[in-house]
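*Asks:* What follows is each chain in one-letter form.
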Amino acid sequence: DVKVTQSSRYLVKRTGEKVFLECVQDMDHENMFWYRQDPGLGLRLIYFSYDVKMKEKGDIPEGYSVSREKKERFSLILESASTNQTSMYLCASSPGTSLGNTEAFFGQGTRLTVV
Amino acid sequence: GEDVEQSLFLSVREGDSSVINCTYTDSSSTYLYWYKQEPGAGLQLLTYIFSNMDMKQDQRLTVLLNKKDKHLSLRIADTQTGDSAIYFCAERGGGYNKLIFGAGTRLAVHP
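Taken in order, these protein sequences are the chains called L and V.
What the first sequence shows, in my numbering, is residues 1 to 115, in sequence order.
What the second sequence shows, in my numbering, is residues 116 to 226, in sequence order.
Hint data in this document are derived by calculation from the structure and do not stem from the laboratory.
Heads up, a few of these hints could be off.
[Unchecked claim] Result set (DSSO-like, lysine-lysine): computed pairs, CA atoms no more than 30 Å apart in a straight line: (1) Lys151/V / Lys57/L; (2) Lys71/L / Lys55/L; (3) Lys13/L / Lys151/V; (4) Lys185/V / Lys57/L.
[What the hints assert, rightly or not] Covered stretches of chain V (chain L as the covering partner; in silico rule of three or more C-beta atoms under 8 Å from a C-beta of chain L): (5) 159–171; (6) 216–226.
Nothing here was measured: the structure is a model prediction, and the numbers come from that model.
Virtual Cβ for every residue (Gly too), placed ideally from N, Cα, C.
Based on the sequences and whatever the hints tell you, model everything.
*Replies:* Given below as structure tokens:
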């Protein structure tokens, strides 16, 4: 059974704190993604990674950074958390094939509240 | 740029058919997807369609693709209360197999 696991379901952090959201996949996928989900806005891509140590900015990278030191793990970092980063964060992974279906598998989400 | 649009809400009576619509902009999209998100959960792939197909049927689900109009729809026959969820349309666009999602349609099923 394929699995994408996010380290926390719920997090409450204070403004200005450095926050780490961790994601691990066990499918040997090349691609990993971080999205945030807000009502009425759907899923917006923050960052993605197509290989170890490789990363690309998504649509809303400001205020975030990422780390991919190992293939199975993709971390999202909020350098200095702010209240407008209160959101649901979803991690996903997909195989790196350029042909064929590229289904993305999602973690259960981390609901982050910044107070 | 790439964009995917869908209406935000749909309300149907139990037993009726639901039709969720989506438009996309990237004509080079090879695959289009429908994901389902139940309350408090991540997204699960419901079905997908390859761009050279017009229709795909999978039990109660029917996907229609109009490539000329860049319009995708998901029909759920005999809608049940367990179908209440948010449904996301997504296209595979850009490089590195990036998925572009719509805002999601919240389907409410009432007796």
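*Asks:* CA of Lys13/L to CA of Lys151/V, is that 30 Å or under?
*Replies:* holds, 29 Å
*Asks:* Tell me if chain L covers the segment 216–226 of chain V under the three-residue, 8 Å CB rule, please?
*Replies:* holds (count 4)
*Asks:* Mind checking the alpha carbons of Lys151/V and Lys57/L for me, to see if they're no more than 30 Å apart?
*Replies:* Holds, because 26 Å separates the two Cα atoms, which is no more than 30 Å.
*Asks:* Please check whether the segment 159–171 of chain V has three or more residues whose CB lies within less than 8 Å of a CB on chain L.
*Replies:* holds (count 4)
*Asks:* Do the alpha carbons of Lys185/V and Lys57/L lie within 30 Å of each other, as the hint requires?
*Replies:* Given that 30 Å is the threshold and the Cα spacing comes to 26 Å, the pair holds.
*Asks:* Would you mind confirming whether the straight-line C-alpha gap from Lys71/L to Lys55/L stays at or under 30 Å?
*Replies:* holds, 12 Å
When the structure is compared with the earlier hints, no violation turns up for any of them.
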